[in-house]
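Produce the entire structure from the sequences given, and follow the hints as far as they go.
Protein chains: 2
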Amino acid sequence: MIRVGIVGYGNVGRGAEAAVLQSKDMVLTGIFTRRAPETVHPYREDTPVYPMSVLEEGKVEVDVLLLCGGSATDLPVQTPELAKKYCVVDTFDTHARVPEHFANVDAAAKAGGTAAVISTGWDPGLFSMMRLLGTAILPEGSGDTFWGPGVSQGHSDAVRRIEGVADARQYTIPVQKTVSAVRKGESGFTARDKHTREVYVVLKEGADPQRVAQEIVTMPNYFEPYDTTVNFISAEEMAAEHAAMPHGGFVIRSGKLGEERQYSSLMEFKLELDSNPMFTGAIMAAFGRACYRLHEQGKAGCFTAFDVPLGLLSPLSAEELRANLL
Amino acid sequence: MIRVGIVGYGNVGRGAEAAVLQSKDMVLTGIFTRRAPETVHPYREDTPVYPMSVLEEGKVEVDVLLLCGGSATDLPVQTPELAKKYCVVDTFDTHARVPEHFANVDAAAKAGGTAAVISTGWDPGLFSMMRLLGTAILPEGSGDTFWGPGVSQGHSDAVRRIEGVADARQYTIPVQKTVSAVRKGESGFTARDKHTREVYVVLKEGADPQRVAQEIVTMPNYFEPYDTTVNFISAEEMAAEHAAMPHGGFVIRSGKLGEERQYSSLMEFKLELDSNPMFTGAIMAAFGRACYRLHEQGKAGCFTAFDVPLGLLSPLSAEELRANLL
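Taken in order, these protein sequences are the chains called A and B.
Numbering follows numbering that gives the first Met the number 0, in which position 122 of the first sequence is assigned residue number 121; successive positions increment by one, without gaps.
Numbering follows numbering that gives the first Met the number 0, in which position 169 of the second sequence is assigned residue number 168; successive positions increment by one, without gaps.
Hints are not guaranteed to be accurate.
Just so you know, same-sequence chains aren't split out, so a pair can sit in one copy or run between any two.
[As the list claims (entries may be wrong)] No more than 27 Å apart at the CA atoms, straight line, and that leaves these computed lysine-lysine pairs for DSSO-like:
#1 Lys183 / Lys23
#2 Lys23 / Lys255
#3 Lys269 / Lys255
#4 Lys58 / Lys269
Please keep in mind that the hints were generated in silico from the structure rather than gathered at the bench.
This one's a predicted model, so the numbers in the text were calculated from it and none came from an experiment.
Here's what the structure looks like:
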């Protein structure tokens, strides 16, 4: 059994916990938190909850840690720090900082003789793998990634920071016309062509809806480059209709093959998820298994989804995989 | 540049040739054939065509061979034989014999210090990778693979062997109702539930259509387990309407996540191909690149799509992949 620890207990932490409990070859060693441990309530009562200090002191026997913190401030520090002592998997998703994060984690893991897999999850992660397959198999072509329909946590948070906003939920919606065009091999689409954004806002007492709406639709990077719709709703409606965290998306690659480039080929990968954090947790668990096995094979350093043989993600042996899934 | 040789020059051989010519990091060393070399006409006049004997004699410098023969009689002999001296990639697809083929090729490659990747292509191959990802990430769930709409070479050949048949083309068509049900997580479908078969036949002079149709629809394994439609057409119509070799299909995995299994998750991968052999050749070229690199890394033995880190399939470096595709 692979002994797994979960670091951080937000939505993704709970997703990772549920996935580890579903994995027949894993045992959940415990949850590690910066909060007061008694305030954390895992799915199962007998799952231990530890303060982070026990990890630093090396008091717990664990084969791999699933790091479920945020990419902005948690993971840039936590992943290299913990990789010095433990095999770790994270979901680092700040694109521009991947080379730096990779280098930091690689140095720490090599020094510690551990294996680390960074930037797992579905994007980066599973969708990255699909982009790689698409471009490797169809080198001449075009393609794009679409997200949604689904809730973007980052965009919801950005709206919540606006003065007068009590709560907010943002849905990212792919533009079907553009999806169809990309499938046909068309390219050159802008952010506005590809996705629309729908925002549901609960206002604080006395806040001006017109000012809030204006602040949302003109917000640089987050909303300005898109067609955005803002809807004001009650706190009750928010709780009743917008509590779930569905998400999904597609990775499309369209290419031309043959000496005359006369043969169109379309590869498309699609996700439809009731729960974004549950699926993210499930992918982390699979990469946790792979991380443990890389370490068992004597490998040390930082890896991404591009460096892991797929067979290591499955609990089945290589023989079983060849017999049953090839 | 990776020096690539193509062994066997049927439809897949031409697909592999076109793909190698499209790959900026590959050079086509030559085509190796059992036919008289002067009867083989590659896309480009300056591509050398050699008899197989030059490979046996080791007279040609080549980094990897793409073996484009058939699984019934060619590959079981050719892959282990050539793996003794060369890095090789094949498309072996006789499911029941994969363990035996793997063992033979593994022994030959280890003895020769070469790397071999077997059972590439899109199924087995790309679709196998999707089945593995589906079951590794969503261990509790169901799923299925559908093929088509597209031409099945094996089924077309089976009809051609019937007395009185001058030519035949068989289309495999997924049953949309079943595809929808599998997406919803339903399972337990029979061969008949999943696909229908449409056959186009050109009869020989004087052949009895009723007898031929009866022989087709009752043919065990090939047609008896399916609802099959037989259409008789002229040779002209066959040439005009059925010369292409389109294919495609989907791999669907539907699973439940969360401690209460309350979150549905759907993963779906789809292919739509104007030309089955061109796409098969493109995948072989990508695995040829991976095979060469495994050998460069000092690895020897037999590999499948489950054993190859995805990054090795791409001409980009690990740094470029992390920066551009992760």
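Structure versus earlier hints, numbers of those that do not hold, lowest first: The structure breaks only hint 4.
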